[in-house]
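Visitor: Once you've looked at the hints, dock chains C and Z with the ligands against the given chain H.
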Amino acid sequence: MIDKRDAKLSLFFLSISFLALFIGAIAGLLQTLVRSGTIELPLSIGYYQLLTAHGVLLALIFTTFFIVGFLYAGISKTMGALYDVPRRTGWLGFVMMTFGTILATIFILLNKATVLYTFYAPLQASPWFYVALVHVVVGSWLCAFSMWNQYYIWKKKTNNKLSPLFSYMAVMTMALWFIATLGVAATILLQFIPWSIGWVDKIDILISRTLFWYFGHPLVYFWLLPAYMCWYVVIPKIIGGKIFSDALARLAFVLFLLFSIPVGFHHQLLEPGISHSWKFFQVVLTFMVIVPSLMTAFSMFAVFETAGRKKGARGLFGWVKVLPWKDVRFFAPMMGMLIFVPAGAGGIINASHQLNQVIHNTLWVTGHFHLTVASTVALTFFGIAYWLVPYLSGRTLTPQMNKLGIIQTIMWTIGMAFMSGAMHVVGLFGAPRRTAYTTYSDHPQALDWVPYQAAMAIGGTILFLAILLLIYIIGYLAFKAPIGEMDFPLGEVEEKATSTPIILENWKLWVGISAALIFIAYTLPFWHMIEHGPPGSPGYKFW
Amino acid sequence: MAQLQRKTNKKVKVKKENELLGTLLSVMGVGLFIVLSWGAVYLLYLSR
Amino acid sequence: MHMHKYEKIWLWSGAVCLTVFLLIVGVSAYAMGNQPPSHMETIDPKEAAVTAPFDKPRMTKVGDQEYEAIMLAQAFTFTPSKMTVPKGSTVHFKVTSTDVVHGFQIPSTNVNMMVTPGYVSKISYTFEEPGKYLILCNEYCGVGHQVMAVTLEVMS
Ligand code: HEM
Ligand SMILES: [Cu+2]
Ligand SMILES: [Cu+2]
Numbered sequence: 146m147i148d149k150r151d152a153k154l155s156l157f158f159l160s161i162s163f164l165a166l167f168i169g170a171i172a173g174l175l176q177t178l179v180r181s182g183t184i185e186l187p188l189s190i191g192y193y194q195l196l197t198a199h200g201v202l203l204a205l206i207f208t209t210f211f212i213v214g215f216l217y218a219g220i221s222k223t224m225g226a227l228y229d230v231p232r233r234t235g236w237l238g239f240v241m242m243t244f245g246t247i248l249a250t251i252f253i254l255l256n257k258a259t260v261l262y263t264f265y266a267p268l269q270a271s272p273w274f275y276v277a278l279v280h281v282v283v284g285s286w287l288c289a290f291s292m293w294n295q296y297y298i299w300k301k302k303t304n305n306k307l308s309p310l311f312s313y314m315a316v317m318t319m320a321l322w323f324i325a326t327l328g329v330a331a332t333i334l335l336q337f338i339p340w341s342i343g344w345v346d347k348i349d350i351l352i353s354r355t356l357f358w359y360f361g362h363p364l365v366y367f368w369l370l371p372a373y374m375c376w377y378v379v380i381p382k383i384i385g386g387k388i389f390s391d392a393l394a395r396l397a398f399v400l401f402l403l404f405s406i407p408v409g410f411h412h413q414l415l416e417p418g419i420s421h422s423w424k425f426f427q428v429v430l431t432f433m434v435i436v437p438s439l440m441t442a443f444s445m446f447a448v449f450e451t452a453g454r455k456k457g458a459r460g461l462f463g464w465v466k467v468l469p470w471k472d473v474r475f476f477a478p479m480m481g482m483l484i485f486v487p488a489g490a491g492g493i494i495n496a497s498h499q500l501n502q503v504i505h506n507t508l509w510v511t512g513h514f515h516l517t518v519a520s521t522v523a524l525t526f527f528g529i530a531y532w533l534v535p536y537l538s539g540r541t542l543t544p545q546m547n548k549l550g551i552i553q554t555i556m557w558t559i560g561m562a563f564m565s566g567a568m569h570v571v572g573l574f575g576a577p578r579r580t581a582y583t584t585y586s587d588h589p590q591a592l593d594w595v596p597y598q599a600a601m602a603i604g605g606t607i608l609f610l611a612i613l614l615l616i617y618i619i620g621y622l623a624f625k626a627p628i629g630e631m632d633f634p635l636g637e638v639e640e641k642a643t644s645t646p647i648i649l650e651n652w653k654l655w656v657g658i659s660a661a662l663i664f665i666a667y668t669l670p671f672w673h674m675i676e677h678g679p680p681g682s683p684g685y686k687f688w
Numbered sequence: 003m004a005q006l007q008r009k010t011n012k013k014v015k016v017k018k019e020n021e022l023l024g025t026l027l028s029v030m031g032v033g034l035f036i037v038l039s040w041g042a043v044y045l046l047y048l049s050r
Numbered sequence: 032m033h034m035h036k037y038e039k040i041w042l043w044s045g046a047v048c049l050t051v052f053l054l055i056v057g058v059s060a061y062a063m064g065n066q067p068p069s070h071m072e073t074i075d076p077k078e079a080a081v082t083a084p085f086d087k088p089r090m091t092k093v094g095d096q097e098y099e100a101i102m103l104a105q106a107f108t109f110t111p112s113k114m115t116v117p118k119g120s121t122v123h124f125k126v127t128s129t130d131v132v133h134g135f136q137i138p139s140t141n142v143n144m145m146v147t148p149g150y151v152s153k154i155s156y157t158f159e160e161p162g163k164y165l166i167l168c169n170e171y172c173g174v175g176h177q178v179m180a181v182t183l184e185v186m187s
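Chains as they are written, first to last, in my numbering: chain H, 146 to 688; chain C, 3 to 50; chain Z, 32 to 187.
Just chain H, with the same shape it has in the complex (with noise of 0.2 Å):
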């Protein structure tokens, strides 16, 4: 067991990451229903208004604190309880984050903020709902100096000893988060704000549709970063294997840091005022940053049949039947890495240049997030919860809670299948992304499209009901369930693997190349924004 101050941030943490998740997903059932044309909202709230409010409280809220949270027990499972100064600062993270959560979610509900989770200008919510957003970004901040802190102190008590693996790869993944958050921020507070309250009349739309995504592609790579770490150095140890190589698992994070962030025009590769050979440097880049997942496969492969192998299995795939299929903490998490095999290949589709225009913003880009990061990295949370929530309250995972969280994972894949998959075909045939319920003016193509969101109606009441299954079973793990003393599982490093070189840990070094790569691919296209920009624009409400 952790320190038990340790272990109440981090269920701080993951408690509102939960109750994110609940109220986020009601809000998806009813989208998925509305666009069947199943239901029609009462007049008090509408579609886009549900639509923010999922956008902002799944993709911003559950990720985030999730990922917070599962940080902190890691750290302190890893390098030891966390020192009073980084525990501190966790502390104010938390209340900051939390307090902008709650602002956030009161002024969608008022209405007054219905500019979905991304807020594209011109669109303009009320001041209130960026200085949320603002809180949850700061809060966060604190809680990444936290955790460097901790890690700076542990190093300077050990001599400079190397780093724990999970705590290699938290600190890793913070800093990710951290570089790309600047660029939310600067948004946020330098044209947001300012034009919100009516200090400047005009936004210049361009610039902070940039800003927005150098932070949303890394984004996606902060939710990815903690399911990776559980598959590199939890799962070995669930399924009674060894980590593959200390030092590759490390040198895809350093990959990530370096390739995930100068990749953002990938997002805006069909808007104007961007020219094309940036947009295609980018594109390159973005390919880079596939080398490191090619990596993590070829590791996850090689644990599970290394693992069998020991086991005593036989014949090319004799491994396969040796998992630990019935361990819900293996099993959640597995299914997760299954599905990110179709979620990557999207990820490749979605980026390849000209591929873009058959799939922007149509439903197949929503098919495609909640593979990625509502199936592999919801699984994967999913999978680690049931194993944390028990160890930090000091309760236990019981054989059936284990087999309810299986049948919650098979609900959320099947669930998945139908609501993702009808999503991407429908996309492919064009319907857009982001829309109420329409068959505008029954266009023959338009009511093509409806069976298909029938299908995703049903994938969507299935999630629905699992996760209020997996609401249940969290909250008996973490008020109910016998007291006991639960494993914190970490796996060790195989004997016969190299050892890590140094050059891994040195911060300095890739920070540094991040700042690089971020300046060529960005530095030229921003100055010819800022040089050349047309004269900006007011706010609007149009809802």
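FYI, nobody ran anything at the bench for these hints, they're computed from the structure.
Predicted model, so just to flag it, every value in this text is computed and none were measured.
Note that beta-carbon positions come from the ideal geometry of N, C-alpha and C, so glycine has one too.
A portion of the hints provided could be inaccurate.
Which chain Z residues face chain C? A few, computed with CB under 10 Å, are given here [stated by the list, open to error]:
id : residue
1  : Trp41
2  : Gly45
3  : Lys77
4  : Tyr156
Guide: Only chains C and Z with the ligands this time, still in chain H's reference frame:
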């Protein structure tokens, strides 16, 4: 003696490497899936 | 850093595939002119509706089987709202927005681009098949976003 040592070492190594053949085939399967889906959407792009 | 032989094989095949993907899209973009829409021209969004050519949104014939569609995107419609061209025509769309960001998409074609206020967006497409094409907005622009669509009829 040294030569013998090298020989056995080599043998052990070869055996160890072969242990991951299932892994190689699995990731290659993943790769094939990626190539096929990419190709399918590219053909859709060309046909439009 | 030691790497397993099979991992090297895997990473090299991966790298080759990714390079091939990039070569395909790169050649298509740079040698065959299939660049994603990246027009650089700017315009004052407040004045767009009274600035030529957007003061007279229309479809005009500019050549043999060639048309130009000057269009305005405004919450929640496009102008002009009805257009017709004969089969086999190439249409050059030139679109700008007077208010918020809109999308411009014709399902089952490769016509798909963003319309950002302050910028002029351009895209061309040759309509080989007759039919009533839907032009819709695919970026959230407000409560009426789901009704923002017009049609383009391609006559046989
Ligand atoms: C009960 C489970 C869920 C259901 C039924 C559901 C359903 C939906 C639907 C129908 C949409 C909008 C489609 C449109 O564009 O009109 C959507 C959007 C979205 N969902 Fe989910 N979803 C679920 C879970 C999740 C989870 C767990 C996450 C993330 C962790 C997530 C993240 C998102 C995001 C980021 C959007 C985009 C919002 C936007 O376009 O502004 N969803 N979801
Ligand atoms: Cu991206
Ligand atoms: Cu719209």
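Visitor: Look at each hint and say if it fits the structure.
Guide: Evaluation of the provided hints:
| no. | hint | verdict |
| --- | --- | --- |
| 1 | Trp41 | holds, 5 Å |
| 2 | Gly45 | holds, 6 Å |
| 3 | Lys77 | violated, 36 Å |
| 4 | Tyr156 | holds, 9 Å |
Of the numbered hints listed earlier, the single one contradicted by the structure is hint 3.
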